[in-house]
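Number of protein chains: 2
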Amino acid sequence: MARLVPVSDSADPRLADFVRLRDMNLRKSLEAEHGLFIAEGEKVIRRAVGTGFPVRAFLMSERWVEPLADLLNGLDAPVYVADEATVEAVAGFQVHRGALASLERLPLPPVEDVIAPTSRILILEDLVDHANVGSLFRCAAALGIDAVVLSPRCADPLYRRSIKVSMGAVFAIPYARMANWHDGLGALRTAGFRLLALTPDQAAVPLDKVAMSERVALMLGSEGDGLSSRWLDEADEAVCIPMSAAAMANGVDSLNVVAAGAIACHALLRA
Amino acid sequence: MARLVPVSDSADPRLADFVRLRDMNLRKSLEAEHGLFIAEGEKVIRRAVGTGFPVRAFLMSERWVEPLADLLNGLDAPVYVADEATVEAVAGFQVHRGALASLERLPLPPVEDVIAPTSRILILEDLVDHANVGSLFRCAAALGIDAVVLSPRCADPLYRRSIKVSMGAVFAIPYARMANWHDGLGALRTAGFRLLALTPDQAAVPLDKVAMSERVALMLGSEGDGLSSRWLDEADEAVCIPMSAAAMANGVDSLNVVAAGAIACHALLRA
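Line order of the protein sequences matches chains A and B.
Under my numbering, residues 908 to 1178 are what the first sequence spells out, in order.
Under my numbering, residues 908 to 1178 are what the second sequence spells out, in order.
Please keep in mind that the hints were generated in silico from the structure rather than gathered at the bench.
Being a predicted model, the structure only gives us computed values, none of them experimental.
Don't be surprised by glycine CBs; every beta carbon is placed ideally from N, CA and C.
Some hints here could point you the wrong way.
Beta-carbon label-pair distances, calculated as ranges [unchecked claim]:
{"#": "1", "chain 1": "A", "residue 1": "LYS935", "chain 2": "B", "residue 2": "GLY1099", "range": "36 to 42 Å"}
{"#": "2", "chain 1": "B", "residue 1": "ASP1160", "chain 2": "A", "residue 2": "ARG970", "range": "25 to 31 Å"}
{"#": "3", "chain 1": "B", "residue 1": "ALA1152", "chain 2": "A", "residue 2": "GLY957", "range": "54 to 60 Å"}
{"#": "4", "chain 1": "A", "residue 1": "LEU933", "chain 2": "B", "residue 2": "ASN932", "range": "25 to 31 Å"}
{"#": "5", "chain 1": "A", "residue 1": "LYS950", "chain 2": "B", "residue 2": "ASP930", "range": "52 to 58 Å"}
{"#": "6", "chain 1": "B", "residue 1": "ALA996", "chain 2": "A", "residue 2": "PRO961", "range": "44 to 50 Å"}
{"#": "7", "chain 1": "A", "residue 1": "PRO974", "chain 2": "B", "residue 2": "LEU911", "range": "55 to 61 Å"}
{"#": "8", "chain 1": "A", "residue 1": "PRO974", "chain 2": "B", "residue 2": "LEU933", "range": "31 to 37 Å"}
{"#": "9", "chain 1": "A", "residue 1": "ALA1086", "chain 2": "B", "residue 2": "ASP1020", "range": "55 to 61 Å"}
{"#": "10", "chain 1": "A", "residue 1": "GLU969", "chain 2": "B", "residue 2": "SER936", "range": "24 to 30 Å"}
The whole structure should be built from the sequences, with the hints applied where relevant.
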């Protein structure tokens, strides 16, 4: 049976996992300190639990207990049940999708293990925006990319907004984080990946013309600056998405990283 | 010479164009009533003015007067200059890009006029999210789509957030809004466009395999429901982006509309 625990005080210390979900600085340190992350909404919670992440606790309004009953009954974690105003007071915003779960993070596998069985992967260098990371995971998973490798400073795929924007795809595609940036591409090279650096530079090889090989890694850089010069230098080839000459004359000379990544993943998997 | 007007009271009625920029309901009615829109940041303001939109007024902190001097000197519009706290009190948030301009909307040309010289266009049906509309304009412009046609209820490309996310691309690509939804596709058909409806349905023709023609219109539907059944029925062909079978088994069965639109625009222009 589900362990239902009625709560009514938004300052109840048992709800500490769920406080101020939109306060990014607070959340980053709180989630790192306790090794937790938050899943929001029935669908995402089911995916997270199904993927094997242990549940620390749930927080939801009464009306979500029934739809989630089969899941809650099989788990030992406390289910804090509060009215919607209390949930909002804890989370700091109106939780439209009703139910929240706090889950334990698991150690990420080493890069070598994640890439071992793959042939098409995405490498993200220092993306700062959680929504962009979530969107790229969704693209990568939907289009059939085998795995994602993150630079050490890339934004967290298990941050609530990443998970939400990914529609749960962060649970559907294996990923790893490099231990260090400087030699981060070494493991990929050792494993025989051809490293393609996506750049807006129109002097690069158009994506549709690039020579493919058995193992290909597509590298995407951060929103503002793109790929670092070190990683550009280390790439086997710089590749670009052809832009309209008229648009470039008008100053529209690039795509956002999600649009560029979507096009590039699609091209990679069609090649 | 620029008409600089120092202001210090955030309730000054002369600043009415600039109030509460994040209050979407207020802004929608205020901008419709007065026929105005807001451009934010030097680059976007320059593009809006360069496109020919008459300026009603500027609001900025002192430090932006000098970088914009050449532009301000050529215009008769008042330049309200306030300290940053006052600008923030008026706008309702900290204006990172410093300068704001209020501009007059111009009548949109009829659909027939906008599509006359084109061969590749995008049709957006009832998108609700301004960021998605802005992103799609940016994709369309950068990749070389000739024009965009909006359904009557599609979100406004001149809403501040659309403009910002588009990086000003809403000024670089011609667009029109259908007068009515029911017969909205008639003008496209009359003009000989082949209508392609993008759908997640994997039984549709894969985008890379679709027969192209001299004039092609790609139709994208709203974020939640996709294209209406009426428009799907009216299309010449339903087209899809092939998804990974493994991902679909995992429940990751679609892309967001920006990722899908980016891939589709790229495919359309390469074909």
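To see whether the hints hold, each was checked on the structure:
1. LYS935(A) / GLY1099(B): 36 to 42 Å: violated, 55 Å
2. ASP1160(B) / ARG970(A): 25 to 31 Å: Cβ of ASP1160(B) to Cβ of ARG970(A): about 27 Å, so the range 25 to 31 Å holds.
3. ALA1152(B) / GLY957(A): 54 to 60 Å: Given range 54 to 60 Å: violated, Cβ gap about 19 Å.
4. LEU933(A) / ASN932(B): 25 to 31 Å: holds, 29 Å
5. LYS950(A) / ASP930(B): 52 to 58 Å: Once the Cβ atoms are compared, 31 Å apart, the range 52 to 58 Å for ASP930(B) and LYS950(A) is violated.
6. ALA996(B) / PRO961(A): 44 to 50 Å: holds, 47 Å
7. PRO974(A) / LEU911(B): 55 to 61 Å: holds, 60 Å
8. PRO974(A) / LEU933(B): 31 to 37 Å: holds, 36 Å
9. ALA1086(A) / ASP1020(B): 55 to 61 Å: holds, 58 Å
10. GLU969(A) / SER936(B): 24 to 30 Å: For SER936(B) against GLU969(A), whose Cβ atoms are near 36 Å apart, the range 24 to 30 Å is violated.
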